[in-house]
Amino acid sequence: MNPALLSIKDLKVYFELRQGLPLPWREPDVVKAIDGVTFDILEGEVLALVGESGCGKTTIGKTLLRLIEPKAGIIQYRDQDLAHLKGVSLRAMRQKMQLIFQDPYESLDSRQSVFDILAEPLVIHQRVTQKKDLQACVFEALESTGLHPAAEIAQRYPHHLSGGQRQRVAIAAAMILEPEFIVADEPVSMLDVSVRAGILQLMLALRHQKNLTYLFITHDLSLAWVIADRIMVLYLGKVIEIGPSDRLIHAGTHPYTQALVSVIPSPIPDRSREQIILKGETPSPVHVPEGCRFHPRCWKFQRLGSPKECLTQEPDLRQVAEGHLAACHFLD
Amino acid sequence: MNATAVPASRPPNLWVQVWEIPLGRAGIILLGIVLVLSLVGPVVFPFNPKDITSTAADILQPPSSMHWLGTDELGRDVFRETLVGARLSLLVGLLATAISITLGSIIGLLAGYYRGAVGITLMRVTDFFLVLPLLPLIIILAAIFGQSFSITIMVIGLTSWPSTARIVRSQVISLRERQFIERIRSLGATDLRVIAVHILPNVLPLIYANTVLVIAGSILSEATLAFLGLGDPVRVSWGTMLHFGFVAGAAGRGAWWYLLPPGLGIVLVVLGFTLAGHTLDQLLNPRLREF
Ligand SMILES: Nc1ncnc2c1ncn2[C@@H]1O[C@H](COP(=O)(O)OP(=O)(O)OP(=O)(O)O)[C@@H](O)[C@H]1O
Ligand SMILES: [Mg+2]
Numbered sequence: 001m002n003p004a005l006l007s008i009k010d011l012k013v014y015f016e017l018r019q020g021l022p023l024p025w026r027e028p029d030v031v032k033a034i035d036g037v038t039f040d041i042l043e044g045e046v047l048a049l050v051g052e053s054g055c056g057k058t059t060i061g062k063t064l065l066r067l068i069e070p071k072a073g074i075i076q077y078r079d080q081d082l083a084h085l086k087g088v089s090l091r092a093m094r095q096k097m098q099l100i101f102q103d104p105y106e107s108l109d110s111r112q113s114v115f116d117i118l119a120e121p122l123v124i125h126q127r128v129t130q131k132k133d134l135q136a137c138v139f140e141a142l143e144s145t146g147l148h149p150a151a152e153i154a155q156r157y158p159h160h161l162s163g164g165q166r167q168r169v170a171i172a173a174a175m176i177l178e179p180e181f182i183v184a185d186e187p188v189s190m191l192d193v194s195v196r197a198g199i200l201q202l203m204l205a206l207r208h209q210k211n212l213t214y215l216f217i218t219h220d221l222s223l224a225w226v227i228a229d230r231i232m233v234l235y236l237g238k239v240i241e242i243g244p245s246d247r248l249i250h251a252g253t254h255p256y257t258q259a260l261v262s263v264i265p266s267p268i269p270d271r272s273r274e275q276i277i278l279k280g281e282t283p284s285p286v287h288v289p290e291g292c293r294f295h296p297r298c299w300k301f302q303r304l305g306s307p308k309e310c311l312t313q314e315p316d317l318r319q320v321a322e323g324h325l326a327a328c329h330f331l332d
Numbered sequence: 001m002n003a004t005a006v007p008a009s010r011p012p013n014l015w016v017q018v019w020e021i022p023l024g025r026a027g028i029i030l031l032g033i034v035l036v037l038s039l040v041g042p043v044v045f046p047f048n049p050k051d052i053t054s055t056a057a058d059i060l061q062p063p064s065s066m067h068w069l070g071t072d073e074l075g076r077d078v079f080r081e082t083l084v085g086a087r088l089s090l091l092v093g094l095l096a097t098a099i100s101i102t103l104g105s106i107i108g109l110l111a112g113y114y115r116g117a118v119g120i121t122l123m124r125v126t127d128f129f130l131v132l133p134l135l136p137l138i139i140i141l142a143a144i145f146g147q148s149f150s151i152t153i154m155v156i157g158l159t160s161w162p163s164t165a166r167i168v169r170s171q172v173i174s175l176r177e178r179q180f181i182e183r184i185r186s187l188g189a190t191d192l193r194v195i196a197v198h199i200l201p202n203v204l205p206l207i208y209a210n211t212v213l214v215i216a217g218s219i220l221s222e223a224t225l226a227f228l229g230l231g232d233p234v235r236v237s238w239g240t241m242l243h244f245g246f247v248a249g250a251a252g253r254g255a256w257w258y259l260l261p262p263g264l265g266i267v268l269v270v271l272g273f274t275l276a277g278h279t280l281d282q283l284l285n286p287r288l289r290e291f
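Order-wise, the sequence lines are chains A and B.
If you're matching positions, the first sequence starts at 1 in my numbering and goes up one per residue.
If you're matching positions, the second sequence starts at 1 in my numbering and goes up one per residue.
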């Protein structure tokens with residue numbers, strides 16, 4: 001197994017919701033978006049982060065890149081603790097980590113030409129000083145993301161491009177500083193179905209060429225299974241299961257994972273499927289249920305006749321098999 | 001989401017758009033007339049402030065073929081005086097606006113971009129200046145530094161920026177949450193770069209519309225201060241004309257020709273800037289357009 005590129009320990013991200021006057025005796029509501037997660041991202045892997053809407057996927061991704069301030073925890077990047085990096089050293093680190101956003105219509109400055117969008121990272125970090133080198137770098141980045149002819153595309157503005165082309169520009173801009181680590185936040189979910197495969201292939205090809213590590217955020221478990229080496233399942237700001245993709249899909253042990261897998265629309269081989277439909281809404285991360293946070297919606301909890309542990313004790317991640325962990329009191 | 005590229009046609013020039021709206025067009029025409037008169041007028045009809053009469057018969061004379069708009073309390077030609085007065089009124093308005101807009105934009109940008117202590121402190125300062133009254137301030141400053149048109153400019157500039165700061169701030173607050181700003185930050189750009197290269201161009205149209213409105217307010221403030229005798233006593237503006245006319249008892253003596261031209265000038269200029277400014281604001285401010 002590869003060594004860890006990032007080691008995240010007990011990371012917490014809370015948002016305070018302000019309502020009305022901040023009076024001293026009024027406790028502000030706290031959204032526990034990330035409520036103590038511990039995991040590694042291994043060098044060169046694609047780690048998929050899956051979970052329902054609002055479970056904290058985007059928050060984790062942005063916190064790893066220090067776009068959101070963590071409340072507590074350690075984000076170890078090789079031998080540096082990112083969580084406490086500041087100023088110049090943080091800006092220098094940003095070259096190594098990049099974010100690809102979900103919505104290519106929102107993530108590009110409509111006042112910048114494609115050339116300026118791609119040149120900006122190089123200018124910010126003073127990588128290139130000569131004007132003609134800058135042009136060479138930009139054109140190369142465009143070509144390598146499949147945007148031809150580079151000279152012509154470079155002059156366009158975002159509103160002249162299709163969604164797929166915009167996402168390629170965003171990818172080119174993320175790659176131009178030659179980062180090691182990419183957070184891709186649902187990079188194809190806003191795109192036309194017809195261009196999704198092309199974008200995914202591009203991202204995987206770049207991964208091999210440039211030896212990248214990805215945190216790939218998606219709510220689509222079957223997509224995660226196709227492209228990721230490992231899958232991590234998040235529920236209400238906590239990791240409830242993590243393991244190799246195949247194992248997680250075919251031998252997932254957490255009742256939540258099993259429910260998610262059972263409703264994957266495309267038929268997955270060798271699985272006699274009984275669909276498990278989860279009842280109820282995801283509870284709000286302001287009022288996290290006592291004990292196991294999943295118990296109010298857990299089918300196993302009901303089948304087992306409401307065991308006491310589930311109501312009182314928060315389950316820790318336990319090893320199920322080599323590299324496969326799950327957080328449940330009653331694993332299969 | 002549609003995936004085909006739609007080449008957007010460039011929207012026409014902003015002033016062309018203003019011209020197409022009747023009220024905006026009226027504003028532009030008014031401003032054009034005043035600007036031409038104030039620039040060309042004093043060249044064609046020069047005014048000599050020292051051209052004071054020695055005979056009492058020339059004082060406060062009604063319009064005649066010699067003096068189209070009569071004479072003032074020193075026997076000088078009111079028509080020529082009005083043309084020159086326009087220059088100072090406009091100049092004070094423009095310079096005070098430059099101070100006001102610069103301060104307001106910078107403070108608005110910073111207060112919007114930096115939440116937390118910096119943003120809160122800047123907003124407190126803004127609120128303080130918002131309630132700071134113009135008159136006592138200029139009386140105190142005039143007592144310390146003497147009355148001059150640079151003091152007038154400074155005081156108007158220093159008291160009128162808070163509204164700009166508030167408007168800019170609210171726009172910046174929504175901009176800073178946008179994804180393209182977050183992407184630039186994640187590239188490692190400095191705050192200065194994010195603000196100057198990516199946020200400022202997006203609030204510029206708003207600042208632009210606000211400028212036109214602030215000019216109108218500044219001209220009116222100058223006229224008010226000068227009318228109350230707090231202006232520069234040795235330079236002619238519409239405000240000082242009203243002041244000296246009033247002091248000389250022009251109103252009581254029925255010398256309407258001395259008070260009407262500067263008064264009308266102020267009304268027309270302020271009206272012109274206000275019409276143009278509101279039209280620009282309507283075109284540029286998405287919140288106003290919805291209603
Ligand atoms: N700035 C914020 N202020 C307050 N609450 C926030 C903020 N950002 C996120 N949250 C809350 O934190 C929780 C996690 O949000 P997050 O955006 O990370 O979810 P997600 O898993 O990415 O969801 P989706 O699949 O819809 O993108 C949600 O309950 C959300 O409402
Ligand atoms: Mg999200």
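Everything labelled a hint here was simulated from the structure, so no lab data went into it.
Accuracy of the hints is not assured; some may be wrong.
Said to hold, decoys possible - Computed beta-carbon distance windows for the label pairs:
(1) 131/A to 146/B: 36 to 44 Å
(2) 132/B to 193/A: 28 to 36 Å
(3) 194/A to 128/B: 36 to 44 Å
(4) 23/A to 271/B: 26 to 34 Å
(5) 110/A to 128/B: 30 to 38 Å
(6) 145/B to 110/A: 58 to 66 Å
(7) 132/B to 116/A: 53 to 61 Å
(8) 259/B to 26/A: 55 to 63 Å
(9) 26/A to 271/B: 30 to 38 Å
(10) 132/B to 16/A: 29 to 37 Å
Claimed, not checked - Listed next, the in silico SDA-like pairs over lysine to any residue satisfying Cα-Cα at most 20 Å (straight line):
(11) 210/A to 139/A
(12) 71/A to 115/B
(13) 279/A to 321/A
(14) 131/A to 113/A
(15) 62/A to 178/B
(16) 96/A to 113/A
(17) 71/A to 175/B
(18) 86/A to 42/B
(19) 62/A to 177/B
(20) 62/A to 179/B
(21) 62/A to 118/B
(22) 9/A to 88/A
(23) 62/A to 186/B
(24) 86/A to 117/B
(25) 71/A to 14/A
(26) 62/A to 117/B
(27) 71/A to 116/B
(28) 12/A to 307/A
(29) 86/A to 175/B
(30) 62/A to 194/B
(31) 86/A to 95/B
(32) 62/A to 195/A
(33) 86/A to 113/A
(34) 86/A to 174/B
(35) 86/A to 51/B
(36) 86/A to 113/B
(37) 12/A to 113/B
(38) 96/A to 174/B
(39) 62/A to 115/B
(40) 279/A to 182/B
C-beta: ideal position from N, C-alpha, C; glycine also.
Contradicted hints - numbers only = Per hint list: 1, 2, 3, 4, 6, 7, 9, 13, 16, 17, 18, 21, 22, 26, 28, 29, 31, 32, 33, 34, 35, 37, 38, 40 violated.
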